[in-house]
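Novice: Put chain B on the given structure of chain A with help from the hints.
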Amino acid sequence: MDSSLKGRPGGAIWWKLIAVVFVLYTVIAGFLVSVPAQPILHESIRNLYFHVPMWFSMMVILFISLWHSIKYLSKSTIESDIIATQAAHTGMLLGALGLATGSFWARYTWGAWWVADTKLNGAAITMLIYLAYFILRGSIDEEQKRARIAAVYNIFAYVMLIVFLMILPRMSDSLHPGNGGNPGFNKYDLDKNMRLVFYPAVIGWILLSVWILTLRIRLQKLKRKLMFNE
Amino acid sequence: MNKLYKKTVLMLSMLVVSVIAFAQDKCQRTEMADGLYQSGKIYVVVTVLSIIFVGIAGYLVTLDRKIGKLEKEIKNK
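Sequences listed follow chains A and B, in order.
Under our numbering, the first residue of the first sequence is numbered 206, with each subsequent residue one higher.
Under our numbering, the first residue of the second sequence is numbered 372, with each subsequent residue one higher.
Don't read these hints as lab results, they were simulated from the structure.
Among the hints, a few may not be true.
Said to hold, decoys possible - A short, non-exhaustive set of chain B residues, derived as facing chain A with CB atoms under 8 Å:
1. Leu375
2. Tyr376
3. Thr379
4. Ile413
5. Val416
6. Val417
7. Leu420
8. Phe424
9. Val425
10. Ala428
11. Leu431
12. Leu434
13. Asp435
14. Gly439
15. Leu441
16. Ile445
Just so it is clear, the structure is predicted and the values come from calculations on it, not from any experiment.
No residue lacks a Cβ here, since even glycine has one placed at the ideal position from N, Cα and C.
Looking at chain A on its own, in the form it has when it is part of the complex:
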């Protein structure tokens, strides 16, 4: 991730290429490859290729955020704090996209924009918890103090994310697939063809999110450098 080590400013390029090709592949294959015919879902089952990768990417990006918060607490380098913050921002973008697409999908399958469901409310609460992270950061002026307190809060936030997105929905019935003791996408009959699109979709979107994250980090570092040079 550190660009100053290699000759090319942005670092290696091959994974960015994989990200673009994989997502492009899913945009094409996502519409053209045949899917199992399911009642209620019909063709909207194809949303799986686009809605679910948003959440997977968010989990990965927020894990990066958590990782660097822990790193900050042990080493106190400001770079870790920058990465943790920018990752939280990127994660919120993905979460917002996940919520919006999920809500739209629900409108045409469950019949409502929002259902008081453990999974949906859990996702909304998670977003609010991370919004509080930014509010917390905004309220502390001193850099070291802000970084330390935010890092501690960020660990709490990720634990809450696991509880609200992974644990609580599994303990009660939910309209959302993969809950109420149901471990995965079996309900969708995720068949051979769908897997061939779904897995590249997940990998592609995760890599694309990491790319966006690295851009944010590099921009933030530049801003910091400018601030201290002047």
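Specialist: Here is chain B on its own, set in the frame of chain A:
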């Protein structure tokens, strides 16, 4: 690095080509959007989305380059 790069490009392009093979699979009797495929116009949507995504990817590339240039400038200052 260059060899790896070429290999990745080759592998990924093969992957995209393989989509066409899967696209040949016809849907079952159940009512799905078969009509769209017969009229062939689903490809219009696929193309539009591809264009949009390629545009976004291109935008990311230019952002990446701009930031890279700035990084070099500040480093050389």
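Novice: Checking each numbered hint in turn, tell me which of them this model violates, lowest number first.
Specialist: none
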